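Undergrad: As a plain string of letters, each chain reads:
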Amino acid sequence: MMNDQKTCAETDRFLTYTLQVNTPPYTAAADRAFCFAEALLRRGHRLRRVFFYRDGVYHALAGAEPPADEPDRIGRWSALAERHGVDLVICSAAAQRRGVWRAAETRDLAPGLRVAGLALLAESVLDSDRWLSFG
Amino acid sequence: MIGSWGTEMGVLHLLSQPPGPVWESLVPRLGDGDRVLLLGDGVYGLRHPLLGRLQDTGAGIAALAPDLVARGVEPPGAEGIRVIDYEEFVDLTVACVRILSW
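Going line by line, the protein sequences match chains A and B.
Sequential numbering from 1 applies to the first sequence in our numbering.
Sequential numbering from 1 applies to the second sequence in our numbering.
None of these hints come from the bench; they were simulated from the model.
Treat each hint with caution, since some may be false.
Unchecked claim - Counterexamples of contact, computed for chain A against chain B with all Cβ distances above 10 Å:
| hint | residue |
| --- | --- |
| 1 | Pro24 |
| 2 | Ala39 |
| 3 | Glu65 |
| 4 | Pro71 |
What the hints assert, rightly or not - Cβ-Cβ distance ranges computed for the label pairs, FRET-style:
| hint | chain 1 | residue 1 | chain 2 | residue 2 | range |
| --- | --- | --- | --- | --- | --- |
| 5 | B | Leu100 | A | Ala119 | 41 to 49 Å |
| 6 | B | Gly52 | A | Arg102 | 49 to 57 Å |
| 7 | B | Arg29 | A | Ala68 | 44 to 52 Å |
Here the structure is a predicted model, which means the values were calculated and not measured.
Cβ atoms here follow ideal geometry from the backbone N, Cα and C, with glycine treated the same way.
If we strip away everything but chain A, and leave its shape as in the complex, we get (with noise of 0.2 Å):
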């Protein structure tokens, strides 16, 4: 740390961040993704929603099962989002494109996650201080 920046604590300016994940679980920009919401988490921060759009969708497929020598890439976000209280939706349209659909309709969506329409992107953003996307 540079000695002219201060942490936010210091500063006492927390922040309301948006962030947009556009691709699937076994990525590098997701594994970002993550990476950035459990940093923003640990200086204080509050992260409002996340937000899957286009292969992020497939973040919500509840039956991945991935191999035991691998991170949890789904289920890790549903840890994140009951510890902290973060909205994580997948777009609906790009869900249906995908036929991620059907999961939702058969509640075999991973635990914390929903489906909504952009305007609630749209909407986070509004509310938010910062909007990342990644992928």
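Given chain A's structure and the hints, the job is docking chain B onto it.
TA: Leaving out everything else, chain B in the frame of chain A:
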């Protein structure tokens, strides 16, 4: 340059593409108060001549440490480029109101 990182101005450009056409289109858009964070395959640019074009714009340039390590790219020496972790990445987004992903 370092002193300007704490002020709220400019755009933070997240550059995750390797050097190529995307870098070419970014260069003319960069101004003095802007910052560029090299992440993902963008860190390969630390070994590419296009890096000089980015630096010539006056924009502050940083690279994400875990992505350097993952790709075996040596951290830059005294080239005015900061190597940062995820917490400092967050601090950069606090300093910049607008963030663009490339």
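Undergrad: Is 44 to 52 Å right for how far apart the beta carbons of B/Arg29 and A/Ala68 are?
TA: Since the Cβ atoms of B/Arg29 and A/Ala68 sit about 45 Å apart, the hinted range of 44 to 52 Å holds.
Undergrad: If I take the minimum Cβ distance from A/Glu65 to any residue of chain B, is it greater than 10 Å?
TA: About 25 Å separates A/Glu65 from the closest Cβ of chain B, which puts it past 10 Å; holds.
Undergrad: Given the hint of 49 to 57 Å, check if B/Gly52 and A/Arg102 actually sit that far apart at their C-beta atoms.
TA: 51 Å Cβ-Cβ, so the 49 to 57 Å window holds.
Undergrad: Examine each Cβ of chain B, and state whether all of them lie more than 10 Å from the Cβ of A/Pro24.
TA: Given that every Cβ of chain B is farther than 10 Å from that of A/Pro24, nearest at about 15 Å, it holds.
Undergrad: Can the suggested window of 41 to 49 Å be confirmed for the beta-carbon pair B/Leu100 and A/Ala119?
TA: violated (23 Å)
Undergrad: Beyond 10 Å on every Cβ pair: is that true for A/Ala39 relative to chain B?
TA: violated (4 Å)
Undergrad: Is the Cβ of A/Pro71 more than 10 Å away from each Cβ in chain B?
TA: holds (14 Å)
Going down the numbered hints, you'll see the structure goes against 2 and 5, while the others check out.
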